[in-house]
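Asker: Keeping the supplied structure of chain A fixed, place chain B upon it in accordance with the hints.
Which chain is which? The protein sequence lines are A and B, in order. Using numbering that gives the first Met the number 0, you'd call the opening residue of the first sequence number 0 and step up by one each time. Using numbering that gives the first Met the number 0, you'd call the opening residue of the second sequence number 0 and step up by one each time.
Heads up, some of the hints might be wrong.
[What the hints assert, rightly or not] Taking lysine to any residue and the SDA-like style, the derived pairs with C-alpha atoms no more than 25 Å apart in a straight line are: (1) Lys212(B) to Gly260(A); (2) Lys79(B) to Ile99(A); (3) Lys255(B) to Val112(A); (4) Lys125(A) to Lys255(B); (5) Lys164(B) to Ile256(A); (6) Lys115(A) to Ile242(B); (7) Lys115(A) to Lys77(B); (8) Lys77(B) to Ala108(A); (9) Lys212(B) to Ile141(A); (10) Lys79(B) to Asp215(A); (11) Lys256(B) to Ala108(A); (12) Lys256(B) to Asp215(A); (13) Lys212(B) to Tyr261(A); (14) Lys79(B) to Ser213(A); (15) Lys77(B) to Leu111(A); (16) Lys115(A) to Phe302(B); (17) Lys212(B) to Ser258(A); (18) Lys212(B) to Leu111(A); (19) Lys115(A) to Asn171(B); (20) Lys115(A) to Pro245(B); (21) Lys212(B) to Ala134(A); (22) Lys79(B) to Leu110(A); (23) Lys77(B) to Ser213(A); (24) Lys125(A) to Gly267(B); (25) Lys79(B) to Ile117(A); (26) Lys125(A) to Ile242(B); (27) Lys212(B) to Gln3(A); (28) Lys256(B) to Pro245(B); (29) Lys243(B) to Ile8(A); (30) Lys255(B) to Phe123(A); (31) Lys158(B) to Ala215(B); (32) Lys256(B) to Phe123(A); (33) Lys176(B) to Ile117(A); (34) Lys301(B) to Ile117(A); (35) Lys125(A) to Leu244(B); (36) Lys77(B) to Gly114(A); (37) Lys243(B) to Pro122(A).
[Claimed, not checked] Restraint-style ranges between C-beta atoms, simulated for each label pair: (38) Ala66(A) to Lys93(B): 51 to 61 Å; (39) Lys125(A) to Pro355(B): 57 to 67 Å; (40) Glu192(B) to Ala66(A): 30 to 40 Å.
Source of the hints: derived by calculation from the structure; they are not laboratory data. Here a beta-carbon is modelled for each residue, glycine too, at the ideal position from N, C-alpha and C.
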Amino acid sequence: MFDQLLQFIISGITVGSVYALVGLGFTIIYNASDVVNFAQGEFVMIGAMSAIFLYGAGIPYPLALAAAVAITVVVGLMLEKFAVEPAKNASVVTTIIITIGASIFLRGAALLVWGKDIYGLPPFTKDVPISIGSATLLPQNIYVMLGTAVAVLLVRYFFDRTMTGKAIMACSCNRRAASLVGINVNRMLLIAYGVSALLGAVAGILVTPITYTSYDAGVMLGLKGFCAAILGGMGNSMGAVAGGLLLGIIESLGAGIISSGYKDAIAFVVILGVLFFRPGGLLGRADSERV
Amino acid sequence: MLRAGKILIVLCAMVLLCPGRWAAAADTLKIGSFLAVTGPASFLGDPELKTLQMYIDKINAQGGIDGIKIDFVHYDTKAKAKEAKNFVNRLIKKDRVDVIIGGSTSGNTIAVMDLVERGRVPLISLAGSVKIVEPVRKWIFKTPHTDRMAAEKIFQDIKSRGITKVALITGNGGFDKSGRAQCLALAPKYGIEIVADEKYGNSDTDMTTQVAKIRATDAQAIINFGFGKAPAIVTKNIRQLGIKLPLYQSHGVASKKYIELAGEAAEGVRLPAAGLIVADLLPDSDPQKRVLLRYKHDYESKFGPVSTFGGHAYDALFMVVNAVRSCGCTDRAKIRDGIENTSGFVGTGGIFNMSPTDHLGLGLDSFRMVEIKNGNWTLVK
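Excised from the complex, chain A in its bound form (with noise of 0.2 Å):
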């Protein structure tokens, strides 16, 4: 039972990661501007593709999975210069909504141009699985775990210590404010959406390898980010991370204590219950609105 056990855990830590990473890049648009980018998973998924199609055309490795970073970097840019900022003075629910459109507009310009097959990328070392007692993972897995505590630290250095990631938190606190005080609103909203595109496709192309890919794969990712975003309290990188792994490892233990075909249902009584005694999330804030 104790072997099993411990798969379990390990599983849900792989599993966990991913969502982790994913659930970070919510972080840092929603911190500049409340906003939540429901296209967050399709930089995910541009990030993959774009490295998989670089790839394949011959391209080596490093160089193609660096190019696909800055193409989707440069989806991010434009996603923000011509859907967001046209309605600057748009409320946050709408420009949810701009995001919600956004991502079904990428979707189906991927579908265009990579068509429906599924892909998948090369692990980046040998896939030679590393045993744990009896417990297995994989080497990716392990590259993915650190992929998430890299983005994590230089997420959280970028907003406590540099001007740039303070002056971003300003404009969440209060866009006229922080105008009012010389911070250009509109460039720090386009360096977070650059930002965020660009962990959304540091995260497609660490756990492709592992999960493949497809025009409509940014879905569930970016659900399941989202969630780990949600449970963990939303803005804050490190709960992000907690809410990831937490998720990751709930559904794993329910699959293999439970049922697996309740293995969903499961992460998501629990994430309510989370939210009912907590609706900040597990780190977040306790929020006190002002009446």
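Answerer: Just chain B now, with coordinates in the frame of chain A:
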């Protein structure tokens, strides 16, 4: 004035409809189809429509079926049952077709079966479910293998290896669920015990948890029913956990894509597949070989890689062509009888022998058990 107008309309209608209808009936066969060419099942409908159009153009260019030209009417259902119903209604009442080929999915076919029975038009479905031909309905036929046949084929192979304990792992799609139900229902007949029945979501990214549970049972083989990327992930996870048990997949993964995705982990995997994917490997004595290679060549020289789904449409079309040729007419009831009397027809799916009690007409031998070796298919003897 009003009455005169009405009479005029009726007269016009008679002039327009009747002679045209009679003239058409004499020397054209009107084939209607409703396929899921776009939408979620487009991987079925798209090759099916291409196949139908290609061969109908070809037949017409060669002067038709003994002089009878084919008139083809097509509607795209987008895999929606409601659209399927509307279009079949239109095919029967407005287009007045002589025979219908479609739909692409089991859901679309089952939705229109009552309509077709009432309209008394022969229909050949291109969908998998066994429910389409069981119980047998007078006007309804189908060409693809059923999921039950796939399960039986797998169990036969498992039994011949002396294995009695099997673990089942399936996804949450319609195809997966139906396959799982057939496996559970058929296992006792082959003296096989299902010792694990695990499930996953088709968009899940990791199934090691379910596979670890299977590892803890005393299963001697694993069966996975599903299609898309999930079976490839399952295959990888099984090998990742160091499980050496024989793994069986369903015909849902019978494409090169699966081998490409699962890579080395797919080595040694067995699955039942229609002849098309192993056409090159069949012995020359195999009666299907010539038909398969010709269809493959025809399709690939025009559209790119062939799929078994287009083959189902080929089988349906030529069954209709044979029925029309044998009666030399385009009468619905006679075409129906002709299809039902199909015997020894060599199609892409197998050799069809229809009867009043069997509206599919394929035996288990139409499935070939294949094994993946060195990244390619090989026939299991």
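Asker: Any hints this thing doesn't respect? Which numbers, in order?
Answerer: 6, 18, 20, 40
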